[in-house]
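**Q** Spelled out, the chains give:
2 protein chains.
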Amino acid sequence: MSSSSSSELEMEIFQYIDGHQSDFIKDLKEWVAVQSDSVQPDLRKEVIRMMVLVADRLAALGATVNSVNLGSHQLPNGQDLPLPPVILGELGRDPQNPTVCFYGHVDVQPAKKEDGWKTDPYTLTEINGNLYGRGATDNKGPVLAWINAVETFRALKLVVNFKFVIEGMEEAGSLGLEKLLEEENQCFFSDVDYIVISDNVWLSNKKPALTYGSRGNACFFVEVECGGKDLHSGTFGGIIHEPLTDLIALLDSLVDPTGHIQIPGIYDSVAALTEEERKLYESIEFDLEEHKKNSGVKKFLYGTKEEILLHLWHYPSLSIHGIEGAFHEPGIKTVIPSKVIGKFSIRQVPHMDLSVVKQQVVEHLEGVFSRRNSPNKLKVSMPLGAKPWLADVNDPLYKAARRAIKKVFGEDPDFIRDGSTVPVARMFQTITRKSVIMFPIGAADDGEHSQNEKISRHNYIEGTKVFASFFLEISKLHRHLHETSNMEIKN
Amino acid sequence: MSSSSSSELEMEIFQYIDGHQSDFIKDLKEWVAVQSDSVQPDLRKEVIRMMVLVADRLAALGATVNSVNLGSHQLPNGQDLPLPPVILGELGRDPQNPTVCFYGHVDVQPAKKEDGWKTDPYTLTEINGNLYGRGATDNKGPVLAWINAVETFRALKLVVNFKFVIEGMEEAGSLGLEKLLEEENQCFFSDVDYIVISDNVWLSNKKPALTYGSRGNACFFVEVECGGKDLHSGTFGGIIHEPLTDLIALLDSLVDPTGHIQIPGIYDSVAALTEEERKLYESIEFDLEEHKKNSGVKKFLYGTKEEILLHLWHYPSLSIHGIEGAFHEPGIKTVIPSKVIGKFSIRQVPHMDLSVVKQQVVEHLEGVFSRRNSPNKLKVSMPLGAKPWLADVNDPLYKAARRAIKKVFGEDPDFIRDGSTVPVARMFQTITRKSVIMFPIGAADDGEHSQNEKISRHNYIEGTKVFASFFLEISKLHRHLHETSNMEIKN
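Residue numbers (our numbering), protein chains in the order written: chain L, 21 to 511; chain D, 21 to 511.
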């Protein structure tokens, strides 16, 4: 395949993609309509239905599809809930071609119209070039962009062997996935050369990026309980140790007004900041004002680009998410809740160890609680622990992705990390020991996990092109590496 | 009417009540089945339907009934919601008889099966002599006991003129009632001699009580907002001032682990504890262990009966109820909520002034917030302010009630206060300047505002008898006072 024929093929593919925009958007609309929320137990059947749609889509592509049953898991209340299957797909087995494995998820975060959505979260709605809907950018849009890129490409000529790992429990901790990867490591993954994950967004609204690291996520539940039932604040206010007062004090001990975590020892294992790493931050194009505008926040904790990026990527953070069991509705209820569960999480960074973090949190909270002399019961647990991830930006995989981006978007990508967690990146890298790249196509203002989540039509369609172009680049790169190594053998 | 004929009449009435137990319980079952929750806007139509049932019931009794339209009120979100009418009823106009006005409410606190109810909260269910259901004791049971006592009595001989004030907004601050009382003070209330309220419970499970005071209720909303939308804790955790972290710190500044309120100046106007008042507490029969058992709590903040009663009646308390806008469901959501509203209330006591309390709370919270240097927006409001109430235990009204209790239950009542708020007691006393009594028939373990609210069959039926007996006693007392005053005039 000469350079010019490759370029003609690429032109042909790009034209095909432009011509099929409305089909691609129709696909996304159909997927967004499925309330595949993996967090709320009641919606589990919708996640399972979503997996069937994915399997059908891949089968229609010509792929062999294996829906791997992962059994069930137990909720904190003891209820057994079935896990959705993980879809393993395979298309093409030409030993001349590189094998690229794509990972994506089709479950979503909870979303309700009344949370503040301007449109129905499960009806994909285009407004001013943006496609609004839960899962549009996290992660249904990118998954479909990849599948459509494969389809487009395939209609012309297959230069890459494809594998697919599509799951439905990412937003609930990817339960069962790690075990499956371990089991399939010697089988499904044995001939995989490269692993691509597209489950995050760019750092800016306009400039593409490639991601080489992510923070972890250690989620904690702090439960305080006084007795069997909620009490009336008139009948018991002033004479009991109220569980919610205890919990508020515990939560207030976690982080100071500057965002500094107050748990003793928590910063001890954070990787030292090298001069090389600091320089990497300096060269990144990052519009602080734009990021602030995207957030809706008036003022950040730090004033410079470097400080902001360091605190999103290099340092851990702690966020309090809410309280279960207390009064949460509009209006007034003069209740003393009997059992309350505070929820917070720590985004850990290299080289914080999860079990050490858990121990530090438990010891700290138990210490604060014991100083209160409360007769209530305290229970601290870590229902979810996801590790941070870091890749080598000099890997050939990153080069191919960089070239594809340059071709489609006309500029080099930033090399960035992600402040949020993609535990699968670390998981894939640790288990398979293959090269892993995080290859986002969504923009910074897409609002993953938030109200009014969207992907722009531009990013969705150009993202499809970038993936297609990436197939050509990785194919060329692979062929070149292959030829070089053959020559070396001959020599 | 001689003492012996009064006693015969009483026996006849008691027999009638015993013979109609199942009818009375059927009535209560019908009322409990109406989800007349005045707190949740969606259920307002059920409150209004409940008021129609009350009007019908009083009309069937032969009373003239006036359903007074109070217009509407505005919710914090701007929505206009109709207020339920207040029912004014009147039965008997004999100038020889005293006129007793009864106040009660038929709205209820929120209740859902999944909050931890063993039975459906809106299906009255008898288990081991207890009638479980939302509103069974607060306040549908006592209202029906009074109405049934009137009916019983009336079937025989009317010795008292009755008036009724029944409302449907008590659990949401009795909106509109105060204005109505002021308007009707010269009309409906002009010939009222005594006002009876039965909207609280005894201090023990077994020993009857009469109540001469109640704490107030100043409810506060503390709102902290950062911007337009919820944010992802990975993308923004560590670089913004999180509103929930600010709110947790504000709530944590309110009360210390010993239950002492930390708001400067808040105890300044609390009435000094006199030796006389202290003695009153000493003579009350109060089983600390039983009260603890009712609460389900392992340990109280204080160890003696006197300290406990002082902190329920004489001193203010502060309880935190919950947070609106944060994640409150089971499971995990790694969200940074953009707008959170903390809810707490202060049970004030004589002679704390509501506007002073409000100012102290606002100044304190603004001070704590400003020291955090947060760019977020703080808003403190007091959506509900109910004043405390105190009556004279030497009033003749208390004597009649005491005699009725002695007759039906065979022992003298305790003279107690209520740690919770009955703003209507203070309101009726301040506006009408008539004698007001709080005359409970429910027991300490009834669980008002809590899961598994109940009234025992015994208390419901014997309470009906106590009310009937009270009619005879107040009639005798009134006749005696009248004769005495006539004699005084003749002299």
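Honestly, the hints are just simulated from the structure, not real lab data.
Note that the structure is predicted; figures quoted are calculated from it, not measured.
Take the hints with a grain of salt, since some may be wrong.
The list cannot tell twin chains apart, which means a pair is met if one copy fits it or any two copies do.
[Stated by the list, open to error] Heads up, simulated PhoX-like pairs for lysine-lysine below, C-alpha to C-alpha not over 25 Å straight-line: (1) Lys65 with Lys133; (2) Lys177 with Lys226; (3) Lys199 with Lys319; (4) Lys399 with Lys318; (5) Lys299 with Lys397; (6) Lys249 with Lys49; (7) Lys496 with Lys426; (8) Lys132 with Lys249; (9) Lys249 with Lys226; (10) Lys397 with Lys496; (11) Lys312 with Lys397; (12) Lys454 with Lys46.
**Q** Taking 25 Å as the upper bound on the Cα-Cα distance, should Lys177 and Lys226 be classified as within, between, both, or neither?
**A** Neither way: Lys177 and Lys226 sit 31 Å apart in one copy and 87 Å across, limit 25 Å.
**Q** My question is about Lys65 and Lys133: at a cut-off of 25 Å on alpha-carbon distance, are they close within one copy, between copies, both, or neither?
**A** both (20 Å within a copy, 24 Å between copies)
**Q** My question is about Lys249 and Lys49: at a cut-off of 25 Å on alpha-carbon distance, are they close within one copy, between copies, both, or neither?
**A** between (45 Å within a copy, 23 Å between copies)
**Q** Have a look at Lys454 and Lys46 and pick one of within, between, both or neither, based on CA distance no larger than 25 Å.
**A** This pair counts as neither: shortest intra-copy Cα distance 34 Å, inter-copy 73 Å.
**Q** When no copy is named, should Lys312 and Lys397 be tagged within, between, both, or neither for a Cα gap of at most 25 Å?
**A** between (41 Å within a copy, 16 Å between copies)
**Q** Given a CA cutoff of 25 Å, do Lys249 and Lys226 count as a within-copy pair, a between-copy pair, both, or neither?
**A** between (53 Å within a copy, 21 Å between copies)
**Q** I want to check one pair: Lys199 and Lys319. Are their C-alpha atoms no more than 25 Å apart within a copy, between two copies, both, or neither?
**A** The answer is neither: 43 Å in one copy and 46 Å across copies each exceed 25 Å.
**Q** Regarding Lys496 and Lys426, is the shortest C-alpha distance of 25 Å or less found within a copy, between copies, in both, or in neither?
**A** within (16 Å within a copy, 100 Å between copies)
**Q** Evaluate Lys132 and Lys249 at a C-alpha cut-off of 25 Å and name the case that applies: within, between, both or neither.
**A** between (30 Å within a copy, 14 Å between copies)
**Q** At most 25 Å between CA atoms: does that hold for Lys299 and Lys397 within a copy, between copies, both, or neither?
**A** neither (49 Å within a copy, 36 Å between copies)
**Q** From the Cα coordinates, with 25 Å as the cut-off, is the pair Lys399 and Lys318 best called within, between, both, or neither?
**A** Answer is between: at 16 Å across copies they meet the 25 Å cutoff, but 36 Å inside does not.
**Q** Classify it for me, Lys397 with Lys496: is the Cα-Cα distance of at most 25 Å met within a copy, between copies, both or neither?
**A** neither (62 Å within a copy, 55 Å between copies)
In the structure shown, a violation is registered for the earlier hints numbered 2, 3, 5, 10 and 12, in ascending order.
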